Amino acid sequence: MKTKSLLVISIIVILTMVLASCAKATPVATEAQEPMTAPATDIDCMGAEAGDTISMLYQWSGVEEENLNKILAPLVEACGFVLNPESTRDQALLDTRVQAGTPPDITFWNVTQLSQYETELIAMTDLGINGDNYADYWKSIGTVNGKWLGLPVKADPKTLIWYSPTNFTTDGYTIPTTWDELDALVEKMVADGKVPWSTGMESGDATGWTGTDFIQDILLVTQGPDYVMGIIDGTIPYNDAGVKAAYEIYGKWAMSDTYAVGGSAGTVSVGFNDAILKVFSTPPEAMMVKQSGFAGGTVKDTYPDLVYGTDYDFFGVPGAQG
Numbered sequence: 002m003k004t005k006s007l008l009v010i011s012i013i014v015i016l017t018m019v020l021a022s023c024a025k026a027t028p029v030a031t032e033a034q035e036p037m038t039a040p041a042t043d044i045d046c047m048g049a050e051a052g053d054t055i056s057m058l059y060q061w062s063g064v065e066e067e068n069l070n071k072i073l074a075p076l077v078e079a080c081g082f083v084l085n086p087e088s089t090r091d092q093a094l095l096d097t098r099v100q101a102g103t104p105p106d107i108t109f110w111n112v113t114q115l116s117q118y119e120t121e122l123i124a125m126t127d128l129g130i131n132g133d134n135y136a137d138y139w140k141s142i143g144t145v146n147g148k149w150l151g152l153p154v155k156a157d158p159k160t161l162i163w164y165s166p167t168n169f170t171t172d173g174y175t176i177p178t179t180w181d182e183l184d185a186l187v188e189k190m191v192a193d194g195k196v197p198w199s200t201g202m203e204s205g206d207a208t209g210w211t212g213t214d215f216i217q218d219i220l221l222v223t224q225g226p227d228y229v230m231g232i233i234d235g236t237i238p239y240n241d242a243g244v245k246a247a248y249e250i251y252g253k254w255a256m257s258d259t260y261a262v263g264g265s266a267g268t269v270s271v272g273f274n275d276a277i278l279k280v281f282s283t284p285p286e287a288m289m290v291k292q293s294g295f296a297g298g299t300v301k302d303t304y305p306d307l308v309y310g311t312d313y314d315f316f317g318v319p320g321a322q323g
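For the sequence shown, position 1 matches number 2 in this note's numbering, and the numbering has no gaps at all.
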């Protein structure tokens, strides 16, 4: 099989947008998978043969990276090719390789970069992918100028706030349905001597992404989705007053130990998984954490006796559009 340049785009329900500067990540290459001598008969190798080498670039690390490679292991074993996986958060690395004509064969990357690489991508139809296996909605997300260029491989709702229904009931709090109600709830918690938020963002080379997610949700509430897309495509400058206002809202909460566990120091030093757990510890260190859908699994794994819907649950960021 000839090596082909293929980008498989990682879809996120709320498009990820980097709104804060993070340290550049050093690419970390993982051990290549050894080829097998004969393919299994129950897996379609789509032309891959024993001895072929396929390069793969993605942004995941830690458990997510391990899980990805576990998912791919049966395919690698069945088809006998060598898989060279590499993890990085550095967009510049991908840009450099594409411009040099040596892009990875497969890339799991943010959907917002799809159009940037339109001319380098190979259409799904040219690769023999059966479009009937995918809903039109999913195909449309990976389509640029009529060409189906990307497959969604991960959907992760991010505009969520996790909390303990038990603790809310005990303290007399109700789920906010508007942004003003959320703001009022935060102030009520402070007045009651409680810490509203757990905002820890430490994530190694990816530190800061929970903050950018939070700011993006604030922008979706205060400015709307068209405004957010304008920042992404450059029609709205990053120093616009709306962006500044969103940072000020986030900063008020994340930088103060009155509003967030550990204040600014805790925000930058507490791991994002630990930040989730602080809401469900006994006693709780905070009342809420804004985090993606995977947070429920983190709680379940750490506190298996807690019951979803009773001890931990979520509600959508009130007022977020798009």
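Simulated from the structure, these hints should not be mistaken for laboratory data. Keep in mind that this is a model prediction, so the values were computed, not measured. Heads up, a few of these hints could be off.
[What the hints assert, rightly or not] No farther apart than 30 Å at their CA atoms in a straight line, the calculated lysine-lysine pairs in the BS3-like style are these: (1) Lys301 to Lys195; (2) Lys140 to Lys189; (3) Lys140 to Lys155; (4) Lys71 to Lys195; (5) Lys245 to Lys71; (6) Lys245 to Lys195; (7) Lys195 to Lys253; (8) Lys71 to Lys189; (9) Lys71 to Lys140; (10) Lys155 to Lys71.
[To be verified] Here are the in silico distance ranges between beta carbons for each label pair: (11) Ala101 to Asp234: 19 to 29 Å; (12) Val308 to Gly231: 34 to 44 Å; (13) Val83 to Gly63: 47 to 57 Å; (14) Glu182 to Ala74: 26 to 36 Å; (15) Asp227 to Asp91: 50 to 60 Å.
Note that CB positions come from ideal geometry on N, CA and C, so glycine has one too.
Hints and how they fare:
no. : hint                         : verdict
1   : Lys301 to Lys195             : holds (24 Å)
2   : Lys140 to Lys189             : violated (44 Å)
3   : Lys140 to Lys155             : holds (13 Å)
4   : Lys71 to Lys195              : violated (42 Å)
5   : Lys245 to Lys71              : violated (42 Å)
6   : Lys245 to Lys195             : holds (27 Å)
7   : Lys195 to Lys253             : holds (16 Å)
8   : Lys71 to Lys189              : violated (46 Å)
9   : Lys71 to Lys140              : holds (25 Å)
10  : Lys155 to Lys71              : holds (15 Å)
11  : Ala101 to Asp234: 19 to 29 Å : holds (26 Å)
12  : Val308 to Gly231: 34 to 44 Å : holds (43 Å)
13  : Val83 to Gly63: 47 to 57 Å   : violated (23 Å)
14  : Glu182 to Ala74: 26 to 36 Å  : violated (47 Å)
15  : Asp227 to Asp91: 50 to 60 Å  : violated (29 Å)
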